[in-house]
Amino acid sequence: MIRSGKLATGLGLAGLIVLFGLVGPLLTGDPATIRDVGLTPPGGEHLLGTTLTGQDVLAQLAHATRGSLWIGVLVGVMATVLSGVFGIVGAYAGGIVDEVFSLFSNVMLVIPGLPLVIVVAGFVPADQRGTWTIALVLAITGWAAAARVLRAQTLSLRNRDYVAAARVSGERTWRVICVEILPNLLPILASQFVFAVVLAILSEAGLSFLGLGAANSSTLGTMLYYAQNGFALQREAWWWFVPPGLVIALFGGALVLINFSIDEIINPRLRDRARRGRDVVAVEAEIAPVDDDAVLTVRNLNVVYQAATPVHAVKDVSLTLRRGEILGLAGESGCGKTTLAYAINRLHRPPAEVTSGSVVFHNGADVDVLALEPEELRQFRWAQLSMVFQGAMNSLNPVTPIRAQLQDVLRTHRPSMPAAQREERCAEVLRLVGVDPARLGSYPHELSGGMRQRVMIAMALLLDPQVMIMDEPTTALDVLVQREILNEISRLRDELRFAVIFITHDLPLLLELSDRIAVMRDGEVVEYATAEDVYLRPQHPYTRQLLASFPSLTGERGALIT
Amino acid sequence: MTTLEVRGLTKKFHRFQAVDDVSFTLTAGRTTALVGASGSGKSTIARMIARLVRPTSGEIVLTGPDGEPVPRRAYRDHVQMIFQDPFASLNPFHTVEHHLARPLRLHGRPRSEVPRLLEKVSLTADFAARRPHELSGGQRQRIAIARALAPGARVIIADEPVSMLDVSIRLGVLKLLARLQREENLSVLYITHDLATARHFSDEVLVMHQGRIVERGPSDDVLMRPQDPYTRRLAAAAPDPEARFRQGGQP
Amino acid sequence: MGYYLRKLAFYLTALWAAVTLNFVIPRMLPGNPVDILMAKLQQRGGSVDPAARTAYETLLGTGGRESFAEEYFAYLGNLLRGELGVSVSAFPAKVSDVIGDALPWTVVLVGLATLLSFLLGVGLGAVVGWKRGTWLDALVPATTVLSAVPYFWLALILVALLSSGLGWFPLNGGYDVVLDPGWSPEFIGSAIYHGTLPALTIVISSIGGWLLGMRNMMVSAMSEDYVLTARAKGLTDSRTMIRYAARNAVLPSVAGFATSLGFVVSGSIVTEQVFSYPGIGSKLLQAVQNNDYALMQGIFLVITIAVLGANLVVDLLYGLIDARTRDRSTVS
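As you go down the protein sequences, you meet chains A, B and C in turn.
Per UniProt numbering, the first sequence starts with residue 1, numbered consecutively.
Per UniProt numbering, the second sequence starts with residue 1, numbered consecutively.
Per UniProt numbering, the third sequence starts with residue 1, numbered consecutively.
Mixed in with the good hints, there may be bad ones.
Claimed, not checked - Below are the SDA-like pairs computed for lysine to any residue, each with C-alpha atoms no more than 20 Å apart in a straight line:
1. 175/B <-> 544/A
2. 7/C <-> 313/C
3. 7/C <-> 103/A
4. 7/C <-> 107/A
5. 12/B <-> 95/A
6. 40/C <-> 290/C
7. 7/C <-> 99/A
8. 131/C <-> 264/A
9. 131/C <-> 142/C
Unchecked claim - Partner residues aside, some chain C positions facing chain A, computed with beta carbon under 10 Å:
10. 17
11. 28
12. 133
13. 139
14. 140
15. 162
16. 228
17. 259
18. 273
19. 276
20. 303
No lab work stands behind these hints, which were simulated from the structure alone.
Source: prediction; values computed, not measured.
We treat Cβ as the ideally placed atom computed from N, Cα and C, and that holds for glycine.
Using the sequences and the accompanying hints, generate a full structural model.
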């Protein structure tokens, strides 16, 4: 809603100004006509008053708007073409062409534009400074930033598989660029064009204001130049000075609003969204009698994404996690298994909302997780329940060393722990997962994928939590590394007796690893039994279908090909 | 009968040896599986055969049905590729029709074959007008297979064609590939990290480790009775619930 | 090649390009600057001996008497010795002296204003991104629209309102002319008093860009897994926001410093003109209006070197705050 509001305002305002520039000069009189009504305030015959020499400000404004828009479009087109050539072609060609083009763009980028334009304008005698000269100079000094953006985007696009597929089909290079890559760059090109137009109008206004604009041109900048030299503000003739600047500001503002909307198309994350006050609504802590051995009880949990059409992501899920057990949560993408895991720790974000149910943690006393106040929740997290996420690649902060990320936990949860003890604890958990404590000083990118996941597990062990939720912890890893990590998790569980909720789409893995398994589909738990029962006596057809989806390495061969 | 022979294929990226002296032959009507961990060089081989990456040394020789080497220009009429990620391998800007009609046209076939291609991959003709975002992962991968068939290719390189798909539809796509392979007498190079499907869907298996082929042979021999220590470790690492419940042992 | 070496090499290349551009422009464009300069020199009573002419010709071109290469090397030699010629608009001062007098004013004004604008913009952007969905969102379009306002127009309006109207600030100048320039407290106070409004103009007009960039990156960073991990770890909100989200979100703003600095410098040249500020921007315009080509070129070079230097510093800093950059460049 707000998004389309921005776009509508931007387009409407820009449209009005363009219309004024196109049609205005036809309706108003000759802007140069001198009358003996100098500095008449707005009203009557002269809607926007007159200048010092009695020229009609409205007529001048219409002509000047047209002049500025013309410059803006000229420069916009030229700069976009230049940035396209240097950004897109260079990036696609790669190798030495890219090196040279990119070096050139970067050099042009760091050489300040306006001083260069001023110097060039200074060398060209005033009578030879035409609109095209100015536009050309502005375009030449203004394309580099856009080229850099386009290059980055093209580099990412050219490595997409659909570009490779087009090449494998035998498409020619120019066609790959024009038909496969260019359309996907359109939003960025549009945004860069809009930006170039704003920049050109602003720069031209600056140049003209300094008296270095195109000879005999009429733009908003020249209008301001005459207003300033006629001491418009000192004579309090605001109607002469304010409108040209205002038109520039409004037009620039309108284009900026349009660019916001384009940015939101390019990056949907940027879209406005309303913030919800609470992540949990309507919770009644009905703590039913539970298993003595239970450490975590989930009862009738419902999670809904409150979109235009609400999506019921988790439906009436009830699970019991016993002390020291590994509970497998199996399901395919979109079945709600990750949403469930996040909701248990209240990590879900708006528009996701827990609409009913309870999550109770048993550690001596019962803790109603859904009823915790923010500060209590913060203290509960990691101390009682820690998590290991799928992308160990992205779960670690890329810009700080491992040490800082481990110590963070202790600093926050054990503020009184002395520094030396903190360091020792971090080293200890790393040793537990088989990582050399010397790695504490390493950055995440210096570690292999398996090593990063080990560090994440070490981090999850820091506070000796009762429960660990692992969301696809080995999916991104190689078979051999996956096996090592799984062995590690089993061993640590046996030694430290924490309970694990292990989430994955890989049912055979769960069958091997877990004590009990819950199979999820469309937000519901369709099967919940011991691993042995799920494997040998599956009840639900979906479970059987999933089981059949994994051919056994050792089973009968050729049975699948029919 | 079209055959593709790879001889002494080597690729170096800077100092890193991605593929080291690899040789094998693909023959019509047979599926060869190339298995290995990520980073073992299997995708680089796929990209070299598809002429997306230039080999550092070695050669790829394609022999046409007439027994003559296929000239460079006609190479892409014969060799096509299916990519791993169906969400990345179709251009979000274009319709399914575009994705199929272009390769048809480039290889001198009429646009009117689009419905026939769709039918081949068990999709209806009305899919032609859709765009990728309207399709499920499995449907996208079917389109990608149809695109590979469009030029009338005889050699298909399938680079992890199902690893990004939901588990319950993986076998369907693999079965489709197997059916097409038989019907069209294709040679298929099936690249995967999954030993089980490699065994079930291929005649021959090549095991890659750090750029080299460490073991090769008929798929049952290699995967059931591995000789190379690396292959043994791979086979042992795959989850095997069978061992836990049928034979009574705990992991 | 190490990250730092690569950066240094790049900036040396850029410097060479700027120096060469400076050499080529007067030779490529129409007009005969040397003759104009000599005529001006004569008007001002300067010596018009062949030596003076040669000096200008080295700078601006001999009209084909010497080969391009000879001219080029003579020009480079002069630059290395710091000889930029004699200014005709400030005759008999040397160009280097004119620049030396004006440069500190601009460096302090633009430097402080840019730093302030960067810190404020990035800080506000981080908060606006973090508190997304609140009234703070309105700050984004508001400040970005401000950056579409011409600097000089805003400056003049501010002068009309705050200086002429309310009398809060002086109309123009860099200090009270009755004071002697020096390190006396009165003089510094006066300089700060005079610099406030120009600095304010620069900050108001340039803050929007920083804010928008930071806010957008913040929003992206907040959906990254490491921020999720930080929340799951039970870290305090402020720690998550600063150490995890903002720490990563600020990187592109720092990397994109070059783009933004160019705009700020361009804007501040015009701003200086409005305030008759005794900085290098006003001197550049004075040079252009008086056809003082030697001064023009000298100033262009100095501005370019200053911008390159600032970018080099920022790039080196970037290597410190993002370990990945240092390692990446050793691979490729």
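Hints, verified against the model:
no. : hint            : in the structure
1   : 175/B <-> 544/A : 19 Å, holds
2   : 7/C <-> 313/C   : 10 Å, holds
3   : 7/C <-> 103/A   : 11 Å, holds
4   : 7/C <-> 107/A   : 12 Å, holds
5   : 12/B <-> 95/A   : 16 Å, holds
6   : 40/C <-> 290/C  : 9 Å, holds
7   : 7/C <-> 99/A    : 14 Å, holds
8   : 131/C <-> 264/A : 18 Å, holds
9   : 131/C <-> 142/C : 17 Å, holds
10  : 17              : 5 Å, holds
11  : 28              : 9 Å, holds
12  : 133             : 3 Å, holds
13  : 139             : 13 Å, violated
14  : 140             : 8 Å, holds
15  : 162             : 12 Å, violated
16  : 228             : 7 Å, holds
17  : 259             : 5 Å, holds
18  : 273             : 6 Å, holds
19  : 276             : 13 Å, violated
20  : 303             : 5 Å, holds
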